[in-house]
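Trainee: One-letter residues, chain by chain:
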Amino acid sequence: MTAVDAYSDNAVGDGGPVDAQNYASAILNILDDAAEEKARLTSTERAVLNILDDAAEEKARLTSTERAVLNILDDAAEETARLGQTQLAVLNILDDFDIEKKNVQEVNVQLRSEIAERSRVEVALRDAKSLAETASHELETFSYSVSHDLRGPLRAIDGFSQALSEDNADRLDDQGRQHLKRIRSGVQRMGQLIDDLLKLAGVTRAEMRHEHVDLSALARDVAGELREVEPGRAVEVLVADGLVAEGDPRLLRVAIANLLGNAWKFTRSRETARIELGATDKDGTTAYFVRDNGVGFDMTYAGKLFGAFQRLHSSAEFEGTGIGLATVHRVVARHGGRTWAAGEVDRGATFYFTLAQREELPT
Amino acid sequence: MTPTVGSPASKRDILLVEDNPDDVALTLRALKKNNIANEVVVAKDGAEALDRLLPQGARAGRAELPAIVLLDLKLPKVDGLEVLRRVRADPRTRLLPVVILTSSREEQDIIRGYDLGANSYVRKPVDFTEFVEAVKNLGLYWLVLNEPPPPVET
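Chains as they are written, first to last, in my numbering: chain A, 1 to 363; chain B, 1001 to 1154.
Note that these hints are calculated values from the structure, not bench results.
Mixed in with the good hints, there may be bad ones.
Cross-link-like lysine-lysine pairs, in silico, PhoX-like; alpha carbons within 25 Å at most [claimed, not checked]:
no., chain 1, residue 1, chain 2, residue 2
1, A, 181, B, 1033
2, B, 1136, B, 1044
3, A, 181, B, 1136
4, A, 199, A, 304
5, B, 1074, B, 1044
6, A, 304, A, 265
7, A, 282, A, 304
8, A, 181, B, 1032
9, B, 1077, B, 1044
10, B, 1033, B, 1136
11, B, 1011, B, 1044
12, B, 1074, A, 199
Taking the hints into account, I'd like the entire structure generated from these sequences.
Mentor: Here you go:
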């Protein structure tokens, strides 16, 4: 405001040449002032421009920072998503773990109950074994006492019947003698029954041995014995070669002897009897068979054949106690095998039996 | 001990160890039918048999041994196998012929019998005719054919 002030001071002067000089100087002053002002403005403008430049740079930096932050935020979002997934996976794993744990607990419970069950079974087995041992011991005692005591009274009946017929012959008529004869034959039959019963019990009691048994040789041997007893009969015995089994030789002999003995007996009416021992395949297992061309049997009663004291013929037709096939059945059962038969009245019979393979032999 | 030295078996007693009177009667009958004239001494249980064969105290060493002992197995008091065991354990009767004559042919009896030194094991048949035949064979063998062991000097 210096220029204005100078003008105002001079304006109140007298207005002569001096005044013009004053004016020029004032204007110069004003111009000077204006130049100064302009320079100040320029400098200010420059400063402002500088500031604006700075601000632009700052803005650019901010933008870049903002971009970086946005990038970071983007990354963070991805990371969050990943974390979310991981968390889900972990949760799933935990869920699975829970299920697994539950399963394990269930299995444990099951195992515990199985162990308890097993213990129960073991106890039951022990009980059964002890029962079996008791039964076996009782059978032993029973057989022993039957063997010793049951035959005694029979000897007395038989002996004194004969004494009666000898000592009191004069007081006995034909009928009396006939009665005594019947008494004695009854006694013989009873004696035979007792012996056969003991044999049957013996098959159950006998300790099992496991050996190679040549069934062919055994059968030929038995057939030879049968021939010796009845040399007059024409019996063709065909024994297949090489029949070898695993088992107890004594028990298997009992079985073969019974089967061949039956065949021998029930072919009595044949002019030429034919008895065959062979082997065939039955569902992958070797089935041995004894076949004859004897009187056969009615298949209706096949189920009774292997029962003790079961007979399909009267004693008058064919002697016997009905123990033979029961004994065969018992022997075969002890070898882990089975028995069956096929036949037709008057067309012969075939008796089959299997024996367990070596590894499955019961002990 | 002073047994009748050299007394032949046919002159000596038969000791029948049997508790069943029916069997005693039938055995005596069978012996008679076979004309076996030896005196038969019957012991009704194992204790009586041992008392006769191995007398104790005052009577010890007085008795003449029988030619043969027919020994049943199932007996009251002392059973047949125990009688046999004690007879074999005593030097006086160690060699005495003992025939087990019994009902059973239980394998355990037969094995035990021979194991303890029985000289024979004969099963009494139910059929009396067969029994008479068995007694005949026993008499012929043990009283006639067989040379008895010499008497024991004690």
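Trainee: For each hint, tell me whether it holds in the structure or not.
Mentor: Hints and how they fare:
no., hint, result
1, A/181 - B/1033, "holds (20 Å)"
2, B/1136 - B/1044, "holds (23 Å)"
3, A/181 - B/1136, "holds (23 Å)"
4, A/199 - A/304, "holds (20 Å)"
5, B/1074 - B/1044, "holds (11 Å)"
6, A/304 - A/265, "holds (19 Å)"
7, A/282 - A/304, "holds (22 Å)"
8, A/181 - B/1032, "holds (23 Å)"
9, B/1077 - B/1044, "holds (10 Å)"
10, B/1033 - B/1136, "holds (9 Å)"
11, B/1011 - B/1044, "holds (23 Å)"
12, B/1074 - A/199, "holds (20 Å)"
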